[in-house]
Amino acid sequence: MTFSFTMSPSDLLLLLPEIVLTFWLCLILIVDFSFPRLPNEQLAYFSIAGLVATLGCLVWFDVAGITGTLFANMFALDRMALFFKMFIVGSTILVILASVDYIHRFKFFRGEYYFLVVMSALGMMFMASANDLLSVFVTLEFSTLGFYVLVAYLREDMGSNEAGIKFFILGIFAAALLAYGISLVYGETGKLVFSDMKTAQASPGLAIGFLLIFAALGFKIGSVPFHSWIPDTYHGSPTPVTAFLSIAPKGAAFAILLRMFLVSLATFRPIWTLLLVAASILSMTYGNIVAIAQKNMKRLLAYSGIAQVGNVLIGLATGTKMGSDAMLFYLVAYLFANLGAFAIVIAVSEAIGSEEIDDYSGLGRRSPFLAFSMLIFLLSLAGVPPLAGFIGKLYIFVAAIKEGLYVLIAVGLINIVISMYYYLIVVKKMYISEPHDRSPLKVSGPIKVVVYVCLAGTLAIGIYPQPVTDWVVSAIMMFSDVADPTAALPAPPAVIPFGG
Amino acid sequence: MGDLTLLFILFAPFAGAIALIFVSNRQTMLVRGIAAGSAFVSLLASLYLFYAYDPVKGGFQFVQRFEWSRQLGISLHLGVDGIGTPLVLASSILLFAGIFVSWHIKDRTKEFYIWLLILAAATIGVFMSLDLFFLFFFYEMSVIPMYLLLGMWGSHTKTYNEMTDPEGLKLRDSVGFIFNFGSNSKEYAAMKLVLFLSAFAVAALMGILLIYKYSGLNTFDILVLREQAKLMNIPVLGTTLDKIIWILIFFGFASIAPLWPLHSWSPVGHAAAPAATSMLHAGVLMKLGHFSIIRVAFEILPETTRELMPIAAVLCMFSIVYGGFVAFYAKDTKYVIGYSSSSHMGYVFLGMAALDYISLTGAVMYMFAHAMATGMLFAMAGWVYDQTHTRDIPSLGGLSNRMPFISGCFVVGCMASIGVPGTVNFIAEVMIIVGSWNKYPLQVIVAVVGIVLTLAYLFKMMRGLFYGPMDQKYSHAHDAVSLPDRLPLLIMISVSIGFFFFPMHLYDVVRSGVDPLIAKITRVVPVASHDREPSAVKHEARAASPQDLAALPGDSPLTPYVSRSDQ
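Sequences listed follow chains E and H, in order. In terms of the numbering used here, the first sequence opens at residue 1 and continues consecutively. In terms of the numbering used here, the second sequence opens at residue 1001 and continues consecutively.
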């Protein structure tokens, strides 16, 4: 196999967002070293400026419809990649805004924090475009590298160190599985690019290879049975990092999963549907049931995250275009609700220094704004109308029922009720329990911005989802390899005259 | 207003709730004013709706349709027929009255009104949805405000562990004990209500999704589905698909109604809720169940309804008798009214189960009438609780000296609840009984026994609260004197009595909604000339219209139908 690396300027254009961000990454380091007295907020806003510029590029690409592939199909820039890149960059901006006040807890290397966050974002942007197994491995490790450091950033905190070690050991293990899986698949097919593997014949080596790759990606998204690192890591990490970890890598890994299952393995759909159905049922049920017992807000959100991933996997299990649309939609809804919830966890822990659910007692009296926002985010996670999470769940269920996954939907519906219980326990603490201490809470400006953005997203998508629906539909529409003729919608039947 | 009436009714409370967010809690009068104002807009619009609804034309009127999601086939499709119209009116009356009933709430007034307005608006939304998705959307939306209203402003008397079971037994609810639903009765009630209703709501959602899939029409629109969905005779799991869907829909929605074995969340919820919430809860929230069954199961699966509706006829007997007896032995004012409500909802199920023109019309009118009657009773129970801080009937008594106005109204409320001539409840009850007699004589006898029971427990409660010797510690209790305190009761009483004397428009409106439905289900059309009503001309015009006939399956011979009240 030969690679030709002749690149024209127009090819470089496809890499423009990544190039912008790489430059900015270097700038962040330079600025940090050159101006050691620069206040941390300035550096945060400086990083955000770079991310906004990248987001601008991505939006321009999306609007202008610029797509293409590079490096012998290793790097694909299609509408889906653009969607996930916007998803990742958007969540990074919100995470950096939410960390502005948290930074003072780090004793050292405050400037490098932003560098690492942006670097992980860059890695995940490449992940969203990874179109062959080698680039999957490289980009996945690239993005995880930053996280290994970020998770253990609270150096003097035992929990953070423990989280770092757990994440690192299991992450390395997952990487080894991934490498082994890739070698098996390559050995069986002789191909690395996803779209070239469509014609692969079934063989035990191929099956084991893809199972190992799925395990590695399952580690990234945190679905049962690859979830064991999640609670401790989420609990121990600095909260903004937890927020970042709970959103962005999942998005990037789902991009790879979509390519892998819907492109390479399209012919084996009946088999992998079973695998995904099992993973989804286990994730939802395990995550929700264990979440009931949690006393710590971050752990609760960790387990709820496991359950939410189970919901997203329903969309993947359908294996249709509509299912993929629904996944993307759900991820957007999840982004706003989850980041918003974590922003409030940060705000509360800044104000009262605790993340225990019990200390949320009487939040409704101490800070009506935080309590109301938390209520909205939790209800969106639970799937209550008129919030984004409800539409996302319904979208996924509709996609799944079209494929006849009745058991999966029944389990998903029952899980909504279970999740309602533990989310309402938090609501009960916030609104019904009396506060231990009645002093009002102060919320800083950047956190407020994050909360407002997430509130607006959660409510707007819930009340009028059409723009986001159009966006996710077009994101998958351009994903040329998922040509599923059955997914084309028939024209809605004409409305019959009223009366009678 | 014209065509936009429904939007006014639906969005005025939402707009009020949003406006309230920007008002400070200290400006109490402004908060109340905004809440009352938005409820008043909604009330005016629904009065207009009620009187502008044309029963001769029938069908769905004031229809609004906005594309909402192309991919999912959802549109915000609003419209009311003869069944929805009175219920919309009842909701907005109770919302308006409820705002005055909760005039004296001091703790977080603003938040209270926000959630109350959202609750009412969501309820109203269900009554006017012509899209399965939005029906469910508004239905689910009404549950969470209930949780907060109960939890934050509810009342509780005992700690959870020593909570006396409403049925008089001292026991811990095993489920609640394991999961610690809350430390006292109101937290327990709130959590139980939400989980119970959500659990059954998702069953209904499963039914809705199955309809969506098997109709293959990519739409949630009820009007399209009822004409074009072919869900019959699809074998699945040893039975047919339509039966499974019907069971899911029926029990999913019957839980909020509440039908007998699914009722246990309801009285606890009533007891814990603040007065205005109990009013809305018993007055209209419970009717969401019947309404959704009519709208979804009756409209989309008429044949299955004919086949399976006897289930409701059996269960409604238990509802009536069980609720009645528990209410008789309950010692808590709100438990009495709560169980009486779930007992009375059995009448509605009886009227629905008989699938008869008269009985279903009676059932819908009864929903309207019961909303007023139970609204009054809860408002007054709330007043008594506010004054005495107890709901324990044996410890109360002789309050009529202290509160003559309330005790006078209470008599009217009891009369209305019993269905004494002079209130619209009487008309509705008689119609249910007369309409169901041919088909379900046993149930009718049970229903009459239920009326006697109602009389017994309401009079017992009335005596316990207002007559006999009075404990001196209640000597500070005072009557409803000011206009805001009296207004809600006066409104509900005048509606209840007014529609007894002028029931024709209500009857015509409801009948215009019931006729096509029953014609479709039973395949018999009423013979217009046999209708005794003075407005027979109108019916003749309608019965002869081709629309009615076109709605029927073409191949079946139409059996002439003679109004049973004539025999």
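Calculated directly from the structure, the hints in this document are not laboratory data. Take these hints with a grain of salt, some might be off.
30 Å max Cα-Cα, derived DSS-like pairs, lysine-lysine [unchecked claim]: (1) Lys1230/H x Lys448/E; (2) Lys1439/H x Lys402/E; (3) Lys448/E x Lys295/E; (4) Lys442/E x Lys1106/H; (5) Lys1106/H x Lys402/E; (6) Lys1243/H x Lys1106/H; (7) Lys295/E x Lys442/E; (8) Lys1243/H x Lys402/E; (9) Lys1439/H x Lys1460/H.
Outcome of the hint check:
Using a Cα cut-off of 30 Å, the hinted pair Lys1230/H and Lys448/E is violated, with the two alpha carbons roughly 52 Å apart. Annotation: proposed proximity of Lys1439/H to Lys402/E is violated, straight-line Cα distance about 40 Å (limit 30 Å). In summary, the hint linking Lys448/E to Lys295/E is supported, as the alpha carbons are separated by about 25 Å, within the 30 Å threshold. Among the hinted pairs, Lys442/E with Lys1106/H is consistent with the structure: their alpha-carbon atoms are about 25 Å apart, no more than 30 Å.
Taking the CA atoms of Lys1106/H and Lys402/E, the gap is near 51 Å; set against the 30 Å cutoff, the hint is violated. The straight-line distance between the Cα atoms of Lys1243/H and Lys1106/H is roughly 50 Å, outside the 30 Å bound, and the hint therefore fails. A distance of roughly 24 Å separates the Cα atoms of Lys295/E and Lys442/E; the hinted pair therefore holds under the 30 Å criterion. The hinted pair formed by Lys1243/H and Lys402/E meets the criterion: a straight-line CA distance of about 20 Å does not exceed 30 Å.
For the hint linking Lys1439/H to Lys1460/H, the alpha-carbon distance of about 33 Å lies beyond 30 Å, and the restraint is violated.
Of the numbered hints listed earlier, those contradicted by the structure are 1, 2, 5, 6 and 9.
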